[in-house]
Amino acid sequence: MKKVKNALFIFLALFTAFTAVISLTGCFNKTRSNKIRVCETARSIFYAPLYVAVNNGYFAEEGLDVEVTTVQGSDLVMTTVISGDAEIGLMGPETTVYCQINGQKDYPIIFAQLTKRDGSFLVAKEPDDNFTWDKLRGKHVLAGRAGGVPAMTMEYVVNKAGLKTTDLNFNTDVAFGMMASVFEADPSVDYTTMFEPTASEYQSLGKGYIVASVGEASGEVPYTAFSAAKSYVEENRDYIEAFIRAIIKGYDFICNSDAKDVAQSLKPHFMGIELDMIEASVISYRNIDAWAKSPVMKKEAFETLKTIMKNAGFLSKDVAFEDIVDNSYAQKVMQELGRTA
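With my numbering applied, the sequence shown has no gaps in its numbers, which climb one by one up to 341 at the end.
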């Protein structure tokens, strides 16, 4: 319990402060606008359907003007959403769980799932074609922020391999946005997790070597999802449904197009990355079946997430699926498209 309280103290303090401001000023402008600001937890090929929906004009086809901004970490995405600086947040569902536990009345709810497993790859300082997870024993591993789903999933995988976090230096002190640079600069660090395209970039430069997929080892879990304040969702049902339709179009394009064409579509969001690196990243995520075929989150998958959170000691009390997720919008869209949810 102490572990949970310490990990959530700063986040909940920020949440309470911003909620107080929102109660005085209002979370969103009362005048409806088709402008939707999406705040994402990182810039990664992992979120490709979102970028494709922007760059291929799918949001525009749905009458939406979508702007995507990036912060580092789901906690900061949540802060951005509740402060009114973004209408929609793309983040780990665990952040919404923390808000519900805190008793907030207008906490953002999940209305569509984007990814269905951990999208990070374990990167080592040396190549290892025969890597097994028990090789982490005694090693220094950068795992992500304490209480975040990347670190919790990593701990879950480590435990599945028969190890405790005390069997290695399981480092959760390095901020998400600094993990790659610390891995490169600190000779004591043996492994870190990286998302694409960073993982492929480091490997191409000989700075690190991809040895495993965390998502393949952990199994399916609702890893990242779109969330918005209950009030915003209820007042903008048509926009939410239009948003979901555009995301589905983005997913379809990724599944049905050549990886090179997908890379071309993604390029505007990754201007500093070589096209072949983007293509390699798309293939990596296809290979691990990273993206959710349906935006409807499954209750059993959510239960797996809770198991991962409990395993890491970050679920202070149980939460109901229905209090965190509203599948009605995604279900309606899927039904209209004649697809199985």
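For the record, the hints were derived by calculation from the structure and aren't laboratory data.
Honestly, I wouldn't trust all of these hints.
[Stated by the list, open to error] No farther apart than 27 Å at their CA atoms in a straight line, the calculated lysine-lysine pairs in the BS3-like style are these:
(1) Lys-105 x Lys-317
(2) Lys-317 x Lys-332
(3) Lys-249 x Lys-293
(4) Lys-317 x Lys-299
(5) Lys-207 x Lys-125
(6) Lys-317 x Lys-164
Verification of the supplied hints:
{"no.": "1", "hint": "Lys-105 x Lys-317", "in the structure": "holds (17 Å)"}
{"no.": "2", "hint": "Lys-317 x Lys-332", "in the structure": "violated (31 Å)"}
{"no.": "3", "hint": "Lys-249 x Lys-293", "in the structure": "holds (11 Å)"}
{"no.": "4", "hint": "Lys-317 x Lys-299", "in the structure": "holds (17 Å)"}
{"no.": "5", "hint": "Lys-207 x Lys-125", "in the structure": "holds (7 Å)"}
{"no.": "6", "hint": "Lys-317 x Lys-164", "in the structure": "holds (23 Å)"}
Hint 2 from the earlier list is the only one contradicted by this structure; the remaining hints agree with it.
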